[in-house]
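Each chain is listed here by its residues.
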Amino acid sequence: VLQVQQGSLYPALHRLENRGLLAAEWKDSETGRQAKFYRLTAKGHTELKSETESWKQLAKAVRLILESSEANG
Amino acid sequence: MNWWRRLVHRGEMERHLDAELRFHFDGLVAENLRAGMSEPEARRSARLEFGGVEQLKEECRDARGTRWIEDLWQDLCYGARVLGSAPAFTLGAVAVLALGVGVNLAEFQVFDAIIFHYLDIRDADSVLHLTRNSRRGPSPGFPHGAVEFYQTHSRSFAWLISEDSTFDVVVEGDAAVRSTLVSPNYFASLGIVPAWGRLVDAQDAQPGAEPVAALGYDYWRNHWGADPNVIGRIVRINNRPVQIVGVLPYSFPRSLLGRMSEVWFPVSMRPLLMAGTPTLQQDFTRPSEALFGKLKPAVSQAAGAVELTSLTRELARQQPRYFRDDEQLEGQLVQQSIVQVVRSRPAVAVFFVMILLVLLSACANLGNILLARGLARRREIDIRMAIGASRARVLRQLMTENFLLALLGAAAGLGFGAAAVRLLLNAMDSPHTLRLTIGWPILIAALVLTMVSAIAFGLPSALQSVRLNQRKIHLRQSLVGIQAAVSCVLLIASGILARSAISSASLPLAFDYRDMLVIYPQLDGRNLAAPVVQDKLNALSTRFSALPSVAGVTAAVVPPLGRRPIIDSLPGLPPVYRNAVAPSYFTVMGLPVVRGRTFLPGEQGVIIVSESAARAVWPAQDPLGQQWQLARAQRTVVGIVKDSGANLLTDADSIEAYVPMEGPDLERTALILHTPGDPAPLVRMIPGSAAAVNETVSVTLMRTSHDNLLEAERGLVILIGSIGSVATTLAAASMYALVAFTVAQRKRELGIRMALGAGPRHILNVLLRQNAKPTVAGAVAGLVLAAILSRLVRSQIVLYKLEAMDVVGFATGLAGFALVSVLATLSPALRALRIDPSTTLHDE
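Sequences listed follow chains C and H, in order.
Using the working numbering, the first residue of the first sequence is number 26, and each one after it goes up by one.
Using the working numbering, the first residue of the second sequence is number 11, and each one after it goes up by one.
Errors might be hidden in some of the hints.
Straight-line distance between alpha carbons at most 20 angstroms, and here's what the computed EDC-like set of lysine to aspartate or glutamate pairs gives [to be verified]:
| id | chain 1 | residue 1 | chain 2 | residue 2 |
| --- | --- | --- | --- | --- |
| 1 | H | Lys67 | H | Asp36 |
| 2 | C | Lys61 | H | Asp81 |
| 3 | C | Lys52 | H | Asp184 |
To give an idea of the interface, some chain C residues facing chain H are shown, with a C-beta separation under 8 angstroms as derived from the structure [to be verified]:
| id | residue |
| --- | --- |
| 4 | Gln30 |
| 5 | Arg64 |
| 6 | Ser93 |
Think of the hints as simulated: they come from the structure by calculation, not from any bench.
Heads up, the beta-carbon is just placed ideally off N, CA and C, and yes, glycines get one too.
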């Protein structure tokens, strides 16, 4: 359903890093090459929780609207 | 990695970004290879999925949050290159800003120093000057008896001090040395530390203390060769041996009342210096001391004044001859606040308005220069926008350049301002008594002001460059209009002020003050009978008449330009300056009797009035023979004399009246001596001549009194004059730039016109018409503004006789503006006439 061009992921990661939601460090990857590993910071966890919460709210609201219009329709 | 490190370690950031993207790209390629694609196929597919790598990098860089600083740095570098590549424009703009800012800074510093910081004393902002006021008007000062009474009984003042700088002394035959007598606690209370030795202090007030004096710094330097060995030396002052004990600091050259003083004595020495004055404690006869005090903490100014007023009630009971029971004591800060200064001297407000106008003029000028510059760069900006720069980006770039320009201008302004301060101080002849105390806050405020104004006036042209504002003609015309209006106001104001300055620099005196000496015989307070005083005066007059090159000697209670006028306030009349004079007064002074006659010897019950008094009192009648109740007697007008002009500076509306001298007047009489030659040598001879009849006198040159009177106004006049000259320069620069720019911009068109046969008149017409309308409109607006301004300050301006509509002043200002405009226009316009059509058209 969702098709995101892979490249546009990186600017998004950089933005999150800049906002302090992600922390990054350079480590060896499984192929033995240096790679940048991102992980959620504490602030990132909180943000994720609240964003997820608000997404669920929205989804619930949309579902309610759709169901009620189907029921009436 | 924090924000700062991200900014500083840009190279590292770039390497990381590169490595990160490459890692994932290579990962994609490897995946595709594993899926069985050929190598080129795998790369192509990975690139498709990944997107443009360079675009991604840009987006990642934006995500870092440091982008704007990098852009700003880039803009600054580019701006610096642009400014460097157009040195004429940059120099012009920076010069205009520097002129506007620098001169304002300088004026403000000098102004601040003159008004607020000439007193270098402890607690300068809380020292009160206390004055006596009653229904009869202000009284001159306090007798010493009263000063001691207040010092003993007052509970609300931390200290009370007094000074008396009403008389000059003779030091080793050097006459007319200005002196001040001070209370013993004077220097200690004010926290003044001697430059050498010690100052007058409490030990000098002890009974039997040796007579001592301290020298003013300038006097010590100029007359005593800055010799520290002067301390301890005994010198003859008013023919008495006095020991010099110290030198005042250079920062305290004047008394608190602002009088220059060269020698300072303890007040207890008055009887010694002035033969016959009574001992101090009992002395209520000479109200010659000024009183100052500092309130104790938590005592209000009003409470202090109330206490002193009630003490004065008590004095009035004890000494009814010298104090009235309705007297009020009022306190006024020695160092006034800006509000008080503006209230008491409206010229100061004019000064501030002029400073702001100069800044406005500089800004309008800068706006014009930037506008012209914007037109010249149109092609460059078009290209930048065509290859994708957004409007906001170009606008930011242009404003960054303006910011850079403002920074340069402010820096140059500071430098120029520092030089201008020195120039102004030299022009005002007061190099070291003023303290320049502008601190960082004001400097920073000035910088910010420059930035804000430069950017505000740069914005219109920047907006126009990116085509957000299409009304460029209106913009330029309104800038020209503003410039013209401001220049006009400034030049008119300068014209008016210059005129009043000229008239106040030369008071309209009807007598020749340069050839006059005023001699104060010290006869008062000695309880001498009137005939004895008369004899002594006669003896002195005879002596003085016999001195070489003396043309005449006369007597008056109030010598012109001197201290303490006698003023009668009569209902419905301007203040009457009354004088009691000898019959020979008008002849010796050279004051022409217009009608009637002078007094006869011994005549009483008569009065002579000035022409202005005649007009004011008897507008419709012949004044001669009229009766006038003045100076405790009904008097007949016997003569009309010309206005002396002596009081016009302090009181422009004043009128004058002269009465014959009577017994009580005699002991306060001053002798006036006229010499056709140089009066200076006489100053040395007079004390000796008086000593021959056993009298002590003090001598003053009328010239000195005159100069002292005008000195106060001179500083302000010079300041205002310098603003005028800056305004003129700015107006000329702007006119020049406008026409030069028009010529450059329309060179091709002018070439075509000339090729088609247009004559010089036609070309000039084309060039000048463009700016003529806004210039004239601006000038008219300036005229109206100047008229309003002049009305506002008219009635209270301190400078001598400023008329509401000084037609000559207005005309001078306007003519100046026209002249400057024409002259500044001429050179570029003439250059336009030398355009060679063939080369010009060929060039394009």
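Hint by hint, here is what the structure shows:
no., hint, in the structure
1, Lys67/H / Asp36/H, "holds (16 angstroms)"
2, Lys61/C / Asp81/H, "violated (27 angstroms)"
3, Lys52/C / Asp184/H, "violated (95 angstroms)"
4, Gln30, "holds (5 angstroms)"
5, Arg64, "violated (15 angstroms)"
6, Ser93, "violated (41 angstroms)"
This entry does not satisfy hints 2, 3, 5, 6, going by the numbered hints stated previously.
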